[in-house]
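Q: All chains, full assembly: derive it from the sequences and hints.
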Amino acid sequence: MPLDDVVLAGVREYWLVHPIDCMVTIYRLENRRYGRPEVQELKGQLAVGILPEIEIDWDLFSL
-3 MPLDDVVLAG VREYWLVHPI DCMVTIYRLE NRRYGRPEVQ ELKGQLAVGI LPEIEIDWDL
57 FSL
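The sequence shown begins at -3 in this note's numbering and counts up by one.
No incorrect hints appear here.
Here are the simulated DMTMM-like pairs of lysine to aspartate or glutamate, each with C-alpha atoms no more than 20 Å apart in a straight line:
1. K39 - D53
2. K39 - D17
3. K39 - E51
4. K39 - E49
5. K39 - D55
If you're looking for bench data, these hints aren't it; they were derived computationally from the structure.
Being a predicted model, the structure only gives us computed values, none of them experimental.
A: Okay, here's the thing in structure tokens:
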């Protein structure tokens, strides 16, 4: 899906998981544009930005 379509669809946050590098790149929609990406390691728990009560425990996955 092209990025313009993602913006038009109103996707407020999307994650690109890089399992080989054990990293995740997080993009958040700000003023109809995606801001600077946030890069995190795939370890421990990481809260979903738009749903902070939900956390992903990366230690449960064998990456």
